[in-house]
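S.K.: Read off the chains here:
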Amino acid sequence: MAEEKKDKQLIVSVSPHVRDEESVSKIMWSVNFALFPALIASFYYFGPRAMFVTALCIGSSVGFEYIYQRSLNKKISVHDGSAFLTGLLLAMNLPPDLPFYIPIVGSFVAIVIVKQLFGGLGYNVFNPALIGRAFLLITWTKAMTVWKEPTAAFAALDAKTTATPLGILKEEGISKLIEAFGTKSDLYMSLFTGHRAGSLGETSVIFLLIGALYLLYKKYITWHIPVSFMATVGLLAWAFGGKSGLFSGDPIIHMMSGGLVLGAFFMATDYVTCPTIRKGQIIFGIGCGALTMLIRLKGGYPEGVMFAILLMNCFAPLIDRGVKPDLFGAVKKKKVMEDKK
Amino acid sequence: MVRTDTFKRGVHPHDSKELTAGNPTQNAPLPKRVVIPLSQHIGAPAKAEVSIGDEVKKYQLIGSAPGFVSAPVHASISGKVVAISDFLHPSGRMVQSVVIESDEKDEGIALIDTPDFMALSADEIKALIRDAGIVGLGGAAFPTNVKLSPPKEKTIDVVILNGAECEPYLTADHRLMVEQPKSIVNGLKLIMKAVGVTNGYIGIEKNKPDAIEAMKKASEGEAGIEVRPLTVKYPQGAEKMLIKAITGREVPGKGGLPMDVGAVVQNVGTALAVYEAVRFGKPLIERIVTVTGRGVKEPKNLMVRIGTLVSEIIKDCGGLAEGAVKVISGGPMMGFAQWNLDVPVIKGTSGILVQSEDEFISTDEYSACIRCGRCIDVCPMGLNPSMISILSEKGRFEETKDYNLFDCFECGSCAFVCPSKRPMVQFVRLAKSQTKPG
Ligand code: SF4
Ligand code: SF4
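These protein sequence lines are chains D and A, in that order. Here the first sequence stands for residues 132 to 472, numbered as in my numbering. Here the second sequence stands for residues 166 to 603, numbered as in my numbering.
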């Protein structure tokens, strides 16, 4: 009797019967976690306004996702960390000083329009945070391009406005940029530590890299996109970025400024909107890098990372269709017994 | 570090072999009753050669093989045939089976000993293998003599014994290699003779150092036989992966077979059965089964008569433990979950795994593919499981063929790593059932 009862309770499902512990929410929360060092740095540089903008973005992103799923009777998935991540990434892409409604509108566009109306996590074509930002940039161009001088004085509520390093580089040239920071090594140092104007979370190269290394170590991202992206930017900046002919540009400035590090490691690598096949990811990274430099050098904006990634998002499905993983069995019969010995 | 052979991609599930790896094989108690399916192999079912009421002896033929791709079956105990009808088979189908009730005497028919077994010709060896009803014991259960009789135009130049045992939990092959290495080597020599080759390899995953040691010792001084340590990785023991690891050759896609690259692969358990059949004339009536998992009280390696019911075997191992939730025939990566424990052990049953609650991961609530690419990174066949699953999920079955659906051998590596816990193997099977190869 007892045996029989047992039988009835046995679970039957398809193999495999063991699974890796990785889960979507574990991955998403890890990416959130990896962004924390840079986030804390932005609080340090940009003060309470940065915290306010971040809280608004995250709160409204998670809130919109919850309201949307609740009102349509869909499974609530806010705990998986992806809405939180979208909010966090959006915040990191915004200037520190914004009226409260702008981040909320950005979150609405990102979560409701770009993510949920396309079918939710896994189905969106574009990176939600980036479209959110693009929308805000076009709608409130002025507010979205007011940059604050970073200050260690946490309480300084009305810090001076200034231009971003890339803005100075574009408008006034490299010598002016170096002058603004002192010496060339001062400039590099400021870029590296994040002591410069820019979006909330994009400034501190060192803290972004710490987070990125953690993700690489945990295998949540691979090198393919960030490396091909950064290398392409560096190469093109060196080749075409200088005023005195080919190969006179400064690749370091281009690689460390703007939203490149944030974009290459944390946004272009968004699983849903980049190619899935590693070879394709290299093509994707090169495309992102080339478009970034095209916009930075020839376009109207000093910064091009956001539009470059969004444009390449369109091509991700195409790249995936064109690139195939190495099929087993494509190699012809080989006599290798001898040389294996 | 010792160099090991391997293939590209694959996964590293926790192997959980510690539960039974150190347990010497014990004989399971003589069953009171056995249910012997007439089809325990790939190919045509055997034809019953006994009737209800017949008295049979151990080793006696009870089902003959009607076609080329088929295998005979033999009584595994002595006693009386009490039923011949459809019974549940571990694959989930109903299969015609012969039920024998034991007379508890365990009397066998006389067997013919051939001490000079290496003097037999290739054809004599193959005939003895066929008559003994030997099939691949690694799980696939393909009739062995058929595999050893490739068409004339295919030249075979290497025999590989599969001692990889890459499925987590299973230790049956491991124990055999430690306990009966000499007989396995003799089996390998017979197989090499049967297909006329002088190159033999024994591939063993590095996590079984005692088995590697034992097999090395047993094959010392045997010309042309070499033991190859393999990287611990799943599915290292899949035929194509093993051939790649050891010879560097890739079996061509779209239905290619090992013989297309000159290789024959046999499981180490099969080699042992070959030796016993050729040397002693012993038909395949028993096999070693790993009974394991945290859902069974005393995990063991048991020598079990074919046809013994899984429920009996679990009883022999102390019964189900508190919290047992799932019983799997085979290993955790490719085995079949059972809903009824009154199914018999068959020739291809390498293990019985009872998972407890904490070993079990529910996949009922899977979610959308987040396109992380992990499944592509691990697919040993170089497929795009993500695309196949998405297309199959949407019912676009024909399109899955553009992604080489039929090259998938359902190893489950993609499902193992998927963070969305998608039932990848189910999607593949669904697509395969709705389309035709080609
Ligand atoms: S697609 Fe098939 S062969 Fe590839 S990992 Fe998945 S189950 Fe294995
Ligand atoms: S592992 Fe799962 S979520 Fe990732 S790409 Fe494959 S199917 Fe999609």
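Hints are computed from structural coordinates only; laboratory data are not their basis. Note that the structure is a prediction, hence the values are computed from the model and not measured. Where is the CB? At the ideal position from N, CA and C, for every residue including glycine. Keep in mind that the hints are not guaranteed to be accurate.
Facing chain A, according to a computed beta carbon distance under 8 Å, are these residues of chain D, among others [to be verified]:
#1 146
#2 248
#3 249
#4 251
S.K.: For each hint, tell me whether it holds in the structure or not.
M.R.: Okay, the hints, checked on the actual structure:
1. At a threshold of 8 Å, the smallest CB-CB gap from residue 146 of chain D to chain A is about 5 Å, leaving the interface hint in force.
2. Nearest Cβ of chain A to the Cβ of residue 248 of chain D: about 15 Å, over the 8 Å cut. The hint is violated.
3. Using the Cβ-Cβ criterion of 8 Å, the hint placing residue 249 of chain D at the interface with chain A is not satisfied: the shortest such distance is roughly 11 Å.
4. Because the smallest distance between the Cβ of residue 251 of chain D and any Cβ of chain A comes to about 7 Å, under 8 Å, the interface hint for this residue holds.
When held up to the earlier numbered hints, the structure conflicts with 2, 3 and fits the remainder.
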